[in-house]
Structures are given as C-alpha cells and as structure tokens.
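S.K.: Here's the letter readout for the chains.
Protein chains: 2
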Amino acid sequence: MEYLVNRRDIDFILKEQIHYEKLFELPEFKEFTTEMFDMVLDQSFKFAQQEIAPLNASGDKEGCLFDGKTVKAPKGYKEAYQHFAENGFIGMDVPATYGGQGLPLTVAMPASEFFSGASVSFMMYPGLTRGAAHLIETCGSEALKNIYVQKMYSGVWAGTMCLTEPQAGSAVGDLKTTAVPQPDGSYKIKGGKMFISSGDHDLTENIIHLVLARIQGDPENSTKGISLFVVPKLKVKKDGSVGESNDVKTVNIEHKMGIKGQATCTLSFGDNDQCVGHLVGEPRSGMKQMFQMMNEARLLCGMQGLSISGTAFEHALQYAKERVQGQGKTIVAFPDVRRMLMLQKAYVEGIRSLLYHTGYYIDMGKGHPNPETKAYYQGFADLLTPMCKAYGSDMGFKVTELAMQTYGGYGYISEYPIEQYMRDVKISSIYEGTNGIQALDLLGRKLPQNGGQVVQQFYAMLDEFVTKNQNEPALKVELGEFKKALDLIAQVAMSFMEMTGKGDFNYPMLSATPFLNMFSNVVVAYYLLDQAVIAHVKLAKLLEEKVDDPSQHKGFIKGNDEAAYLDGKIKTARFFVHQVLPTVRATVKSINSGDRSALEIIL
Amino acid sequence: MEYLVNRRDIDFILKEQIHYEKLFELPEFKEFTTEMFDMVLDQSFKFAQQEIAPLNASGDKEGCLFDGKTVKAPKGYKEAYQHFAENGFIGMDVPATYGGQGLPLTVAMPASEFFSGASVSFMMYPGLTRGAAHLIETCGSEALKNIYVQKMYSGVWAGTMCLTEPQAGSAVGDLKTTAVPQPDGSYKIKGGKMFISSGDHDLTENIIHLVLARIQGDPENSTKGISLFVVPKLKVKKDGSVGESNDVKTVNIEHKMGIKGQATCTLSFGDNDQCVGHLVGEPRSGMKQMFQMMNEARLLCGMQGLSISGTAFEHALQYAKERVQGQGKTIVAFPDVRRMLMLQKAYVEGIRSLLYHTGYYIDMGKGHPNPETKAYYQGFADLLTPMCKAYGSDMGFKVTELAMQTYGGYGYISEYPIEQYMRDVKISSIYEGTNGIQALDLLGRKLPQNGGQVVQQFYAMLDEFVTKNQNEPALKVELGEFKKALDLIAQVAMSFMEMTGKGDFNYPMLSATPFLNMFSNVVVAYYLLDQAVIAHVKLAKLLEEKVDDPSQHKGFIKGNDEAAYLDGKIKTARFFVHQVLPTVRATVKSINSGDRSALEIIL
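Here the protein sequences come in this chain order: A and B.
Residues in the first sequence are numbered from 1 upward in steps of one, following this note's numbering.
Residues in the second sequence are numbered from 1001 upward in steps of one, following this note's numbering.
Hints are computed from structural coordinates only; laboratory data are not their basis.
Everything numeric in this text was worked out from a predicted model, so none of it was measured.
Careful: at least some of the hints might be erroneous.
Unchecked claim - Straight-line Cα separation of at most 25 Å, DSS-like style, residue types lysine-lysine; simulated pairs:
1. K69/A <-> K329/A
2. K1015/B <-> K1558/B
3. K61/A <-> K1075/B
4. K589/A <-> K1476/B
5. K1176/B <-> K329/A
6. K1484/B <-> K589/A
7. K1176/B <-> K75/A
Stated by the list, open to error - Computed footprint of chain A on chain B; a stretch qualifies when at least three of its residues, placed anywhere within it, have a C-beta under 8 Å from a C-beta of chain A:
8. 1396-1405
9. 1411-1418
For each residue, glycine too, the CB sits at the ideal point set by N, CA and C.
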C-alpha cells in the first residue's frame, strides 16, 4: 500500500511551532544546519515510501515462519533491514561514538513517523536494536560497548528487550529467570521469556538479548532484586566474531491479530545450562536501566499510534474526496463524513505536535547547558511520556476506527489498507506497559514528581499561553474554554493528592485512566491552539499581501493550498475545543461523584 | 472457544423486567406458556454451546474457499446448518403457516444472542435465510410463497439480500441492475452486486437471492424506481425441484478483517442474459419491502454487537478472576481492571435490555389487538431500531477493546478468543446502513415520526419512571441525574427541529452521530435504572427474609450469588449514571456551541 503522510504538517511543527533551529544552542547539535535536518527528513521519507511501505501488506499476509528451530521474517525484510542500517537510520539519534548520526530526537521523531507509518512490523526490528544498543551504550562496561554497540547500529547484529514471563506481565517483579555468577565474571542465565518482539529472525548474523533476571540470592517478588544482562543468541568470541549457540532456544512464535510481519517469540534461556550472560552495570539496577529503554519504547508506542493513524487518516481523506455516492457527490461533502474526518485530523495533528514536542523536551532535557533549563524540560518529557504512550495509542486506534467507518465496507476488506492499520495499531495500547499502567504512572509517579513542581511548571506554561493570547478575537472563545479545562485538571490533581493524603488510594487509581485521557485532551488542545495562533498570524499576513478586497478572502483560501492549510489549522483547533474538550468536564463530574460502585461490587 | 453468557441476566430481563408472560395477552401467543419459552431458550443455548461455538475459531482460521466457480463454507458449517434447521431455529419467530415456530421475537432475541455469540459468521447464514424467506412470506404472491418459503425455513434452500453495487453503497438509489419484463410475467435480471453476505456456499441445495433492480423505464437515480425480485441461484421447476443454473455467477469472495467463516460475495446476474427473476409484490415498491428485512437486519447488527461483546465480557471477567499478577493477587482486585470490567458489564447489560425490550415492542406493535397500543409500541420499535443498530455495534466493539485491554498481551493473540471477537464485531458498525446512516435515520425520520408524537410518548414513559421512583433513597441521586440528561435530549431534539425549520440541515446532520450516542446513553441508563429499582426491591426482600442483623448484609451479599447479582444490578446502574451519563452534557455543550468548523474547512 502507498504510504501517505502530511509532510506540510510535519514541517509546520518543526519550523513554525517548535522552531527546531533552537536546538543549535545545545553544544551537541551546534554543527548541524536546518538544511541538514531537512535532508535527513527527505531521505527518511523517500526510504519509507520506496523501501519499507511495499513490505507492509505482503509482510502481513505472509507473516513470520517458524520451522521449530528458527524464525524467518517475511520476504524483503532482510534486504530492507540492511539498507536501513546502511543509511545510518538505526542509530540516527545516538552519539557518533559507535556509529550513530548524533541527530536530535526532534528530527528523529518525524523520521520515525515515516518508518513506522510505512510498516510498523518492519520498523520494530531496527527500533528494538537501537533501543538495546543504546542501553548498552549508556549503562554497559567499556568491554560490552566495544563488542556490541557498533555492530548493532550498523545492522550486523540486532537487539531485543526480554522482560515478560508467563507469570510476570505487568508485574515484572514476579519474574523467575535466574542468573548464577561464574568464576570468569559472567553469569549462567536460565528461564523463559515470552512476547519478545523481534525475538528471533534471519535479518542479522546475531541477536543481542537484553534480559532481566534475578541473581541468585537477590530479593524475590520485587523489582528491586532484578539485574540486566546482555545475552547474545550466538556466543561472541574475543575477536568479536560469532561462535557457537549460546543455548537460547526459540520455543514458539505468537499468532497475533496484527503486526504479523513482526516475530513475537517465546524464548528459553539455558535449557542445557549453557547460556552465558554479561551483567550490564551494577547488580540489582536492572529495572532502572531497563526503564531507559522502556521510556524510549513508550514514546515509540505513541509514535506507532500517530504514524499508523496519520496515514490511515490521509487514506480516508483521499478516499472521501474520490468516492462518489448519491447524485454524483463525493462523500467528503456529507456532514457526518466531515465530522469523522475532522476528528481524525484533530487527533492526528494534535498527537503529532505532542509527540514532536516531547522529543524536543527530551533533547533539551539531555543537552541543555543550563542545569535548571535541563531539569525543566526533562520534567516535561517525564510528565508527557505516559500520555504520549497511552493517549497516542488509544486515539491512534480510534482514528483507524473512524477511518474504517469513512471507507464503509471497503475499510473492512484487505484490498484496502485500513483493516491492517487497525489490527496493527491495537498492540501499542498493550505492550511496553498497558495503557492502564501508564495511567497509574502518570498519577502515582509523574504528578508527585519533585513535589508536584513539574506539573506546576507545565500548568504555568499553558496558563501563560492563554494570558498572552486571550485577546485574539479569532480564538477568544476557544482560549476561554481551554483555560477552564486547564483549571479543572489542576483541581482534580489536587483532589487526588488530598485523597491519597487521607490514605484513599483506590479511588484515585479507579480514576487514573479517565484522568490520563482528560489531561491528554487538554494537552492536545494546547498544542492545537498554539498552532492556531501561529497560523492565524501567518494567514492574516498572507491575505494582506495577496488579496486587496476582504470579501475575496474566502475564495482565495479555497484556491490557495497554503492559505487553506493555515485556515484549516484554526478550524481544527476550534473543532477540537468545541467537540472534544467538553468531555473534560464530563470526566470531572464523574470523578467528583465519588461513586465507588466499581470498587464495591462483587464481580 | 467456549461460549460464555450470563443466563441469569437474560432471565432477569425476560421475567423480572419485561415480564414476558404479558405476551400471552396477544392472540397469536395465547397458546404458549412460560415453560415453553424457557424450554426453547434451554434448547437454543445448548445448541449454541455444543454445535455452533466449536465452529467459531476453526471457521475463522479456515475461512471460505472459492475455487473460481463456487464457494465452500468452513468445515462443519453444513452439518450444523442442517441441525439448526431441523431444530426449527431458522423460522423460530415466524408464523407456523410455512413451518415457523410462531414464537415471539422477545423469545427469539435471547436465542439469537446465543447463536450469534457462539459464532456470528455461522449465524449469518440462517439469519439471512430467515430474513429473505420472511420477506417473501410477507410481500410475495401465493405462488412465490408456496414455492420458496417452507424450503427456506426448513433448511433445504438458503437466502440472501442483494442491495449493494460497486457504485451504490449507502446510496442504494444509484443502482444499475436492470429487470426486463418477459412475456410469461417473469423478468430478465442483469447486473452486478457486491458485499453479498452468504452470497454463495455449499450449505444448501439452492440459494434464493432477493435482488433490488430497476425495471426498464422506471425512474433512475432514485430509490423510487426500485423493485424487488426473487432470483434463485438454480432455476426452480414447476414441481418445486431444482433445475439448471439461473445464470447467477459468483465472481469473487472478499478477504476481510473478520467474519471469515462468512462468504461475502460479488455476484453477477445475467452475464448470458439467462437470469430469471420474479417480482415480489408491486413494481417500484422494492425499497419499502426491503426495509422490512433491513429493519430486522439492523436489529440483528445490534444483536451481533451485544452477543459478541457479551461473551467477550464473560471471558474477560473469568480471566481477571484467574490471572495472578503481583504478589499473588488476581487482577480483578485492581481498580483500573474493575473500571474496565464495569464499563463492559454496564454496556452489555444495558444494551441487552434495550435490545430485548425492542424485540418486545415489536411483538406488541405487531400483535396487540388494541390499535392504539399497537401503534404506541410500533413507534417505540421504530425509534429504537437505529440506536440498537449503531449504539449496539459501536459499544459492542468498544467492549471488545476493553476486554482485550483486560487480557493484556493475551488478548492480542489467537490462542484466546478476544482478538477474533474484535475483528468479527467491527463489521456490524458498517453493514446494513453504516452507523452514520443510522444517525441520520434517527434524526431525519424517527424524531419527526407522527409529528414528533413517538419521541414524546417515549419521553413520557421515561419521565413517568422518574416520577414514580424518585423518592427511593437508594437511587435518588442517580434518578435526578438521569432526569436532567433526559431533559437535555428533549431540548436538543427541539433545537434541531428549529434549525431545520429555518432551513439549516447541515448543522443537525453534523451532530447526528453524537446525538444518537447521547440519546442511546440515556435510553440505556433508563433500562439499567429500571433494573436497579427492581433489584433493589428484591434484594431488600431477600435480606429481610434471610438476614436478621443488618450489619451482616454485606457479608451475606458476598456469599450469596443471587444477592450479589441483585446488588450488582444496583451498582451497575449507579456506575453507568456517574461514569457514562455525564458525557451527555458534554455532547450538549458541543452541539450548543454552534461550531461549524467541520462544515467550513477546506479538506
């Protein structure tokens, strides 16, 4: 299927909303130019469209083949993986030390949107490799780094993260995989892992598993006793060449609703007591280390939601403009179809802005020379990550539902791309911590971060935005509505703190998911309104320059792509504020009801 | 997969809420007894569980086979279809004249829930046969009835409805299939139809298509020029035996996201000018006739939503009670899981009550001896049908989403039943008139029905319910909230009428889907609250009888299934009123905003 994306919208966010040239203030990015950034995006888009997108439907149809011993990825994946690596796309946003391109995440985000949007099943192979390599790069010893990292970024070896076990899903602390120290400093690993994405395949010479396990004698039934190990599929010799099997067995692959081109494996480590692992960093710090990769992966889940829904929306829009129904009208003229398209547009563009901004906050949080500014942005990134993950994936799924409804019967059949998009995107709500876990993370960890300072700073930024723009007549009503919703978030957050202060944890936990959704709606409304304010100024200027007679404005906007795009930004923000934001009040009413039926009922 | 359903809840609705014995007042049902009804339900449930459910996963995996000429349904379907027919299940709720059982729809509804919940792909074969046969029975000539109807109810022949053409989906009036009158009174049919459910298969000796076509010379591009024809796949000889091919060609079958055991066909009629059709009733009344079958089919779409989500919820509940995560707790203890389960429970039980009541209203509307009462109930059935269809299917899909989230990773893989349920149920939002079409039907046809009298009568029934029960302390708050929401529906309906009165049709049409959803939420809240009122009285009585010390009530409820069920009814209604009903206000705020961005934007 063709990969469709709205490049204009991506450029708008990077150049007119974020102003990505601000990244040049950071020492690590001072050598870059906007031309270089744009070139990377052009290359990435071209690659996504030409080399990845053609594998999406075929990979879904073919699936992965497990012969009882090893796994074969779908046809074409191997070649595409190698080209992907040759282009330097795996380590796009990691330092150059081991072969990365050292680009900011702000630029890697749209590239990631192109790649995932073209085929999320494919993109998970390099995505996990990058995450695993980067984790070794960040936490591993020099020896581990030298052996593994470059080979992974360059596409010779791939990577995975191995957390889940049959009895330990959301409760990682229940894991049973063991690590027994050996005289040479290595560990013998034993245990079973399941739902391992990219767990086995034929894309690379070797696969490097990052495995959570418990060192003999460390605390049980708790995440505190967990350590992290590098466990290659094939042993690596001293000279870096690949040796014999490391006693890692592929037990099975899952048959899934979607992402069928992605090999989701059950792995068994050390069936013959010959599985060697190498400790990463300190013992018992595995959970903390894995969270680096987890946080990146959570952002990527949000990105999967965005990228798939982004292309689903573009397809639905194209279809609606072409499909004739009833006296020669195209269905884009029908109000109910317009409502569905607008919902898709608003979610996609709002979530895109949220994700790209989060990428930007991460860049600033990592690299800003001023420690206060650094902490300020890192706090925003932490706060927004669960929203990117949960809201991005849930609304991504919602958008595919709306896209399917726009297509009617054609949306349900495999000849058209939407049904695969729907099946593929669903997993993003589940893995890397279910969206329920994300909501608890937001409530239990992110709100109280630094004594609530992070969320207060974020509130202050949004509040200041309202103050600055509230007299703009074109958006006055919408900014007023936004301000009310923003204040409701603050109120609810306070009420949760009071409840937990009184020892009532269950009620806030019951409201965690609705709270994450309402908070995300406010955040998305903010980014859309910010875009509308920018677009309004630009459109006014454009009209002033090009049209003398104000009565001709409407006609000009209709005939001019750029004017229509800017006008669309204003209307999208208005639509979202009036059609979606009112649900915030409904959620507040629900939370304020104090209704505990769900806690008290006998189920 | 095992078919799970909450039989207690079904009995509650039939016996304690609807009081199905009231049907004995209707002449056509006066011979029945409640024992007979219950026996039918027991039989249906047993058949669903033992003979249909085992075909669901295998049918999904195997799919239908098209060899370029004919279609084979999955293994086991043929035998099950014949047993189904032998049990008299096809014509369960049609008169005995041609072999029906003459049961009320009120009783056929739960049977239909069992059958569809066990396998919707399978159930569509007898479902379409029943619809087609009943349409011939209602509108056809004596000759047609004598030839076709009994053979269809008895499982010798199957049936379909053929509306959609490539260029005519929602806009049926655009169809191009033609019918040319022949000297013998028959017609030559020529044209292509697509998305024909059960369009071809090997379950029966013959397939009887009901085809919409335009008689030569009748008005084009309008539903007014459409007539309805009986077009058998194989010609039927005078003695009723099957003859040569009737020039009906199976061109293709669709590859779909779900309902893979169901053969969705593209058919070509009269490629060799040898396709004979027989007019049903009067010329140019095809649309009106087909609407009988369409309305039945719309109710069945809602039933598909209910039945699949009903069993998905039971599976999720069972899973949550068994799945251990984190220090030996089962996940049903976690507040976020309870929230998800309660949403599933409330939607399933609310929609079940809505659908069964609609079945009851149809029975009363068809058979009540008093013309006024008859019209009263028929009006309710008409009003509620689009809600049953659209809300039933959309919320059915939503429930499968929540069920999958409850399962976590296991929900996404084919070893567990949820992912198939999700794929299967999605189609119900699309076919038989997309849910967008249902919303327009509610707004444009059903609200103004009899000058608004029907909706006013329905409002009066709900309002009276509040008045009657508002002093019940256990539900006082909830009834108050309900009343406010109910009045908002009336307000919005009025405002739409004012707008259309002023010639503004687009804005109401833009709000049609949100309006259908908010109206349905109020209707479902009504049925749940009605159940809660009943349960409250029964529970009080039970406690009075069984427990002397009021401080022991909680403990008793926990240990007594019936008490827990009744207590659950009260809590489910409270939950729905506090967690879902507030969205009604949000929708009203959206509608009242007057925001026309979606209509004005250049897409």
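S.K.: Which numbered hints turn out to be false for this structure?
M.R.: 1, 7
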